[in-house]
Amino acid sequence: MTKINKNPLEIEFGEDIQTTPVRVAYVKGETSIAVERERDEEVLAFPHLIVREVLLFEILLIVLVIISLIFDAPLEDIANPLHSPNPAKAPWYFLGLQELLHYFPPVVAGVVLPVLVVIALVIIPYFRINLIRDPFWTGNIRKKFIIFSAVVLLINSPFIIARAFPIYICSAFIYILMVVPLLFPRSSGLAARIRKIPLADWIMIWFVLVSLVLTGIGVFFRGPEWRWVWPWKSGIYY
Amino acid sequence: MKLFHYIIQGRVWRSIFRTGLPETNYRRSLVILNNFFLHIHPAKVKKSTLKFTTTFYLGGIAFGLYLILLVTGIYLMLYYRPSVPLAYRDMKDLEFVVSNGKLLRNLHRWSAHAMVFIVFLHMLRVFFTRAFHPPKEFNWVIGVFLIIFTLLLSYTGYLLPWDQLAYWGVSVGTNMIKATPIMGEKIRFLLLGGNFVSENALLRFYVLHCVVIPLFLTLLIGVHFWRIRKDGGLQGDLEHYAEYEPDIILGKNIRVEQRESPNQSLVGTGNDENK
Amino acid sequence: MTTRNPLKNDAQQSRRKFFTALGTGALAAASTGAVVLSAEFLTPNALFEPPSRVLVGKPDQYPPGSVAYLTEHQVVVVREGAGYFYALSAVCTHLGCIINWKSQEGVFRCPCHGSIFDKVGEVLGGPAPRPLRHLALSLTPNGYLQVDKSIEVEPSEILKV
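Chains as they are written, first to last, in UniProt numbering: chain A, 1 to 238; chain B, 1 to 275; chain C, 1 to 161.
There could be a bad hint or two in this list.
To be verified - Lysine-lysine pairs mimicking DSS-like chemistry, simulated, CA-CA at most 30 angstroms apart: (1) B:Lys186 / C:Lys149; (2) C:Lys119 / B:Lys178; (3) A:Lys196 / B:Lys47; (4) C:Lys102 / A:Lys233; (5) A:Lys196 / B:Lys51; (6) C:Lys58 / C:Lys149; (7) B:Lys178 / C:Lys102; (8) C:Lys149 / B:Lys178; (9) B:Lys51 / B:Lys230.
Please keep in mind that the hints were generated in silico from the structure rather than gathered at the bench.
Produce the complete structure using the sequences and hints provided.
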């Protein structure tokens with residue numbers, strides 16, 4: 001059975017694996033599939049890449065120096081172990097965690113949740129589901145909607161019980177964002193684009209939104225004794 | 001100009017820079033390949049990876065920030081003593097007495113905050129462009145550890161000014177570590193070198209901040225870059241990894257032949273031609 | 001390490017295995033030793049921390065029904081009525097911040113996360129998981145009140161002077 005004259009890149013299948021071994025591609029002669037990849041044009045690293053790196057570093061340095069000339073880093077009174085400042089806030093990147101402390105005991109907010117977050121991040125690339133950018137709303141949409149709503153409610157129940165309103169409000173917001181485009185099944189604009197976002201992306205968007213909101217609350221809306229303040233009335237505490 | 005050309009042709013210059021001026025493509029490649037500091041780069045890069053919108057240069061910005069932090073950190077180390085109460089006094093010195101001390105301290109602080117922010121954005125970029133596809137999965141894991149080390153570096157540095165902000169921020173944070181089951185108290189005791197945040201804690205955090213974590217970070221950054229090179233550079237495109245996982249891309253039940261490198265041509269075995 | 005070399009006989013193979021095991025065991029022992037050595041080095045044996053037993057004056061200095069907040073020791077000495085004393089630790093049981101005594105309200109408030117404690121240290125609100133620690137209060141032979149911050153006692157143990 002000769003197939004020499006066939007289109008070189010056609011994929012062939014056969015029922016009998018002895019006579020027609022399955023191949024990825026049958027290529028004639030010295031041409032190789034690597035030829036395809038040449039389409040992506042290559043340029044020399046020196047000067048194109050190097051000059052961009054140098055320029056980037058210079059611009060970065062200039063921007064940072066300007067910021068450093070205008071804004072001063074804070075320095076409060078000398079450390080006094082006998083007197084806690086009111087409020088005692090962590091650096092901004094930990095304020096999200098500190099806000100979480102308001103709703104959950106230190107074991108959960110300080111140990112369990114960060115460890116879970118790290119584990120979740122580490123295992124992302126090992127799930128193929130995250131690689132395929134399949135739109136989320138495909139297949140049996142009705143059934144998917146019911147299961148999805150149930151799962152969302154289940155995951156958010158600990159947050160609702162603990163009255164961690166930033167988290168379940170963000171979940172509600174993302175849930176609405178995910179579901180509303182379903183009301184516009186035929187449109188091709190923004191709604192279609194949102195409808196096509198895969199589940200993995202939605203989960204990451206939710207995570208980023210929750211982090212931003214928790215950190216934002218910790219920075220702007222918490223004052224002495226971690227009470228709620230309105231920054232336009234009482235200023236920002238740090 | 002004549003002096004310049006005279007120097008270029010001299011023995012001293014040619015012993016240091018072994019190739020001539022980068023006037024040919026061959027010599028331009030040698031600028032990269034013959035240079036100890038630059039040879040982590042490939043000699044040629046794909047044009048699409050140079051675009052701003054491919055990576056937003058976030059990884060590069062993070063590395064640039066790291067270099068700024070290293071240099072400003074070393075400058076600051078020359079005037080800072082990690083003991084109580086000298087630490088706070090030296091901070092005031094840097095602010096008011098040392099020439100450009102205020103600028104360097106501010107640079108260090110704002111670069112640190114920027115770095116935490118930028119590495120977070122970098123992680124998001126890598127995630128949304130799926131740049132962690134096989135075979136680059138482990139590089140993502142290395143990246144997660146890099147972000148943890150960046151946060152630790154920032155946190156240990158936070159204590160060093162020894163002001164109220166520093167002391168109580170670290171006090172509360174280490175009390176949270178106490179909440180870890182089984183090992184919490186012991187870990188806290190080792191970290192602080194005592195039961196409270198004290199001189200011992202300051203010294204330990206100083207060593208962690210200036211030596212231990214930067215060492216780990218530098219080594220991990222090296223591995224992080226090396227892995228990108230080994231896996232073929234900044235591809236930026238999912239289709240290129242089809243050779244590793246064609247069943248995902250093409251979606252069919254296709255048997256893949258074994259090969260060692262992605263550039264090996266997928267020529268059929270030709271056995272059936274004679275049938 | 002466990003591949004068989006057909007050119008070597010059984011005695012030579014088992015000799016190889018023995019020495020491999022010996023080497024690996026030695027390496028394991030040395031590594032364990034190094035780890036233990038480091039851990040012992042890192043654990044400080046001498047701590048320069050303030051003493052836990054402090055003298056807080058004579059009983060007469062505390063008027064009946066008073067709550068004395070001693071900032072320099074992070075202790076609160078309370079005198080209930082005539083001659084009943086007890087001492088509270090001013091460290092919040094949530095995450096270790098130093099609480100403040102609000103005399104108008106008659107409660108302790110923690111500035112960090114808003115925990116509220118009453119005069120006997122019971123939690124009235126906020127995230128604190130446990131009441132304030134009661135510290136051992138005793139009378140020295142010279143007639144001074146002494147607080148031992150390292151000994152925690154039951155709230156029912158009070159000092160009668």
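Structure-based check of all given hints:
no. : hint                : in the structure
1   : B:Lys186 / C:Lys149 : 21 angstroms, holds
2   : C:Lys119 / B:Lys178 : 27 angstroms, holds
3   : A:Lys196 / B:Lys47  : 29 angstroms, holds
4   : C:Lys102 / A:Lys233 : 24 angstroms, holds
5   : A:Lys196 / B:Lys51  : 25 angstroms, holds
6   : C:Lys58 / C:Lys149  : 18 angstroms, holds
7   : B:Lys178 / C:Lys102 : 29 angstroms, holds
8   : C:Lys149 / B:Lys178 : 19 angstroms, holds
9   : B:Lys51 / B:Lys230  : 21 angstroms, holds
The structure agrees with every numbered hint stated previously.
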